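Read top to bottom, the protein sequences are chains R and E.
Numbering-wise, the first sequence is residues 1 to 203 according to our numbering.
Numbering-wise, the second sequence is residues 1001 to 1318 according to our numbering.
Keep in mind the hints are simulated off the structure, nothing from the lab.
Hints may be right or wrong, so weigh each one.
[Claimed, not checked] Restricting the straight-line Cα-Cα distance to at most 20 Å, the calculated cross-link-like pairs of lysine to aspartate or glutamate (DMTMM-like) are:
| id | chain 1 | residue 1 | chain 2 | residue 2 |
| --- | --- | --- | --- | --- |
| 1 | E | Lys1291 | E | Asp1072 |
| 2 | E | Lys1292 | R | Glu49 |
| 3 | R | Lys168 | R | Glu49 |
| 4 | E | Lys1279 | R | Asp98 |
| 5 | R | Lys112 | R | Asp98 |
| 6 | R | Lys168 | E | Asp1187 |
| 7 | R | Lys168 | E | Glu1137 |
| 8 | E | Lys1086 | R | Glu49 |
| 9 | E | Lys1164 | E | Asp1310 |
| 10 | E | Lys1086 | R | Asp98 |
| 11 | E | Lys1164 | E | Asp1197 |
| 12 | E | Lys1104 | E | Asp1088 |
| 13 | R | Lys112 | E | Asp1125 |
| 14 | R | Lys168 | E | Glu1213 |
| 15 | R | Lys169 | E | Glu1137 |
| 16 | E | Lys1123 | E | Glu1176 |
| 17 | E | Lys1291 | R | Glu105 |
| 18 | E | Lys1291 | R | Asp98 |
| 19 | R | Lys169 | E | Asp1197 |
| 20 | R | Lys169 | E | Asp1088 |
| 21 | E | Lys1164 | E | Asp1118 |
On a predicted model such as this, the values are computed, not experimentally measured, just so you know.
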Amino acid sequence: MAQHKAWTFLPSWLIYPLGIVPGVWLFYRAVQNQLGPDPVKVLENGLGEYALQFLIAGLAISPLMRFAKINLIKYRRALGLIGFFYVVAHFTVYIVLDMQFNWQEIITDIIKRPYITIGVSAFLLLLPLALTSNNLSIRKLGAAGWNKLHLIVYPAVILGAVHYVMIKKTWALEPLIYLATALLLISLRRFYHLAKRKKRVAA
Amino acid sequence: MTVYKYPKPLSSEITPKNVFLNRRSFMKAAGVASATALTGGLAINTSNAMTTPWELSKSEYSISDEPNPIEDIKSYNNFYEFGTGKGDPAANAGALTTNPWNIKIDGLTNKPGELDIDDLISKFDLEERIYRLRCVEAWSMVIPWVGIPLRDVINAYDPQGSAKYVSFETLVRPEEMVGQRRFGGLDWPYVEGLRMDEAMHPLTILAVGIYGEAMPNQNGAPVRLVVPWKYGFKSIKSIVRMSFTEEEPPTTWNILAPREYGFYSNVNPNVDHPRWSQKAERIVGSGIFAKKRDTEMFNGYADEVSSLYDGMDLAKFY
Chain R
1 MAQHKAWTFL
11 PSWLIYPLGI
21 VPGVWLFYRA
31 VQNQLGPDPV
41 KVLENGLGEY
51 ALQFLIAGLA
61 ISPLMRFAKI
71 NLIKYRRALG
81 LIGFFYVVAH
91 FTVYIVLDMQ
101 FNWQEIITDI
111 IKRPYITIGV
121 SAFLLLLPLA
131 LTSNNLSIRK
141 LGAAGWNKLH
151 LIVYPAVILG
161 AVHYVMIKKT
171 WALEPLIYLA
181 TALLLISLRR
191 FYHLAKRKKR
201 VAA
Chain E
1001 MTVYKYPKPL
1011 SSEITPKNVF
1021 LNRRSFMKAA
1031 GVASATALTG
1041 GLAINTSNAM
1051 TTPWELSKSE
1061 YSISDEPNPI
1071 EDIKSYNNFY
1081 EFGTGKGDPA
1091 ANAGALTTNP
1101 WNIKIDGLTN
1111 KPGELDIDDL
1121 ISKFDLEERI
1131 YRLRCVEAWS
1141 MVIPWVGIPL
1151 RDVINAYDPQ
1161 GSAKYVSFET
1171 LVRPEEMVGQ
1181 RRFGGLDWPY
1191 VEGLRMDEAM
1201 HPLTILAVGI
1211 YGEAMPNQNG
1221 APVRLVVPWK
1231 YGFKSIKSIV
1241 RMSFTEEEPP
1251 TTWNILAPRE
1261 YGFYSNVNPN
1271 VDHPRWSQKA
1281 ERIVGSGIFA
1291 KKRDTEMFNG
1301 YADEVSSLYD
1311 GMDLAKFY
């Protein structure tokens, strides 16, 4: 596949410091009390949205390659890991600043509130993926096994988006856009896998 | 159980009505005189009772907590008619025309009619009421309302004996209320209701201002309900209709999600919202490291209102 240099002039490691800039900036403004009257919610929700944005950006890499012939694969691991970093930050703000270490309430929330159960499930599903996002793990698991394991990202991102849809008091447009985008990007894969299979059958 | 009752003299027993009215007209005349002096004699509209300064009496029912600054109160709102974000009402409510404004009063009353906002403000006694507003979303802020006890207005419209409930309706005006043109998930008009004894309770007010000034549009101008022992969404904004009914009226959030929002919606730390706990509340404006506040039964007004619900299972009638 032709490599479009224009798209890939940045070294991939640069994605990490760039990726956490919005989160650091948001946290800085929270500490400076610049996020309005209810900064904990703005911080918590903002970190959650960044998580979904990076994870969905990671899901977009493969369809971009297939359909637009834009190869950004070298950035995918960084996008996924930054997405996970924001999931952890979001969960940490929930535990530390929102629930204020009230473990009894936190455990009740996780068990009793479906949207929190779903959010925590998404985090747990992402955990093994984050831990194996390194070359050593790919070698150990083998490319096929590693690829299979990382299919878990699909249900994880969908659960994350459902978690966002469910927290709103009404059917809000923005979380539905996240969910629809995630579903679209995942279902696109179906199409090119089917196309590949057809080609194979024809040949 | 003994319930402490505040001494509740009628305001007319404290100060004769005509003295009150004269004081107010004096203040108005003074206001006109100074305004005229400032504008060099240019004609200005002085018929508008929404123009402050108002004569306010203090109330026994005010709490002693420090009110939130006006900036918090004006920038953090749930008013879905102007969008679902907390900052949307502040950004979009400027488009709302609040004068002229009429409240239609109908249903089971011997005196149905239209109540003009200027008449509401000038004909009834205004009080300052400093209340904590506890939102169903588990945050609270302290607001110095300017309002009129709802029962004063209800009495003036002489409801019939069969009237058991009062229902309220918010304006529908999509050309000025951007949220009514958007995908948002609520049915318009926003409707709310109270049982008659709740509506007649002296804590319940029709608020027309905050911090001694006319109500900011994003807070429900020109007139809204405030029922301090109930979650904030019961305190319907920008009211255009009030009806006396025999049946329990439908209420907006209850229609949308009956399992989550009941007709009563009394503040109750022991009954969780299905999606979150109601045991504690974030104090709006206190920064990111502030400790949460333990939510009080009936938002701290248990002595005044718990007798309204004697014998009721509040987990069932949430």
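Going down the list of hints, with the structure as the test:
| no. | hint | result |
| --- | --- | --- |
| 1 | Lys1291(E) with Asp1072(E) | holds (18 Å) |
| 2 | Lys1292(E) with Glu49(R) | violated (24 Å) |
| 3 | Lys168(R) with Glu49(R) | holds (13 Å) |
| 4 | Lys1279(E) with Asp98(R) | holds (13 Å) |
| 5 | Lys112(R) with Asp98(R) | holds (17 Å) |
| 6 | Lys168(R) with Asp1187(E) | holds (16 Å) |
| 7 | Lys168(R) with Glu1137(E) | holds (11 Å) |
| 8 | Lys1086(E) with Glu49(R) | holds (16 Å) |
| 9 | Lys1164(E) with Asp1310(E) | holds (17 Å) |
| 10 | Lys1086(E) with Asp98(R) | holds (18 Å) |
| 11 | Lys1164(E) with Asp1197(E) | holds (8 Å) |
| 12 | Lys1104(E) with Asp1088(E) | violated (28 Å) |
| 13 | Lys112(R) with Asp1125(E) | violated (48 Å) |
| 14 | Lys168(R) with Glu1213(E) | violated (33 Å) |
| 15 | Lys169(R) with Glu1137(E) | holds (9 Å) |
| 16 | Lys1123(E) with Glu1176(E) | violated (29 Å) |
| 17 | Lys1291(E) with Glu105(R) | holds (15 Å) |
| 18 | Lys1291(E) with Asp98(R) | holds (9 Å) |
| 19 | Lys169(R) with Asp1197(E) | violated (29 Å) |
| 20 | Lys169(R) with Asp1088(E) | holds (16 Å) |
| 21 | Lys1164(E) with Asp1118(E) | violated (28 Å) |
Hints 2, 12, 13, 14, 16, 19 and 21 from the list above are not met by this structure, while the remaining hints are.
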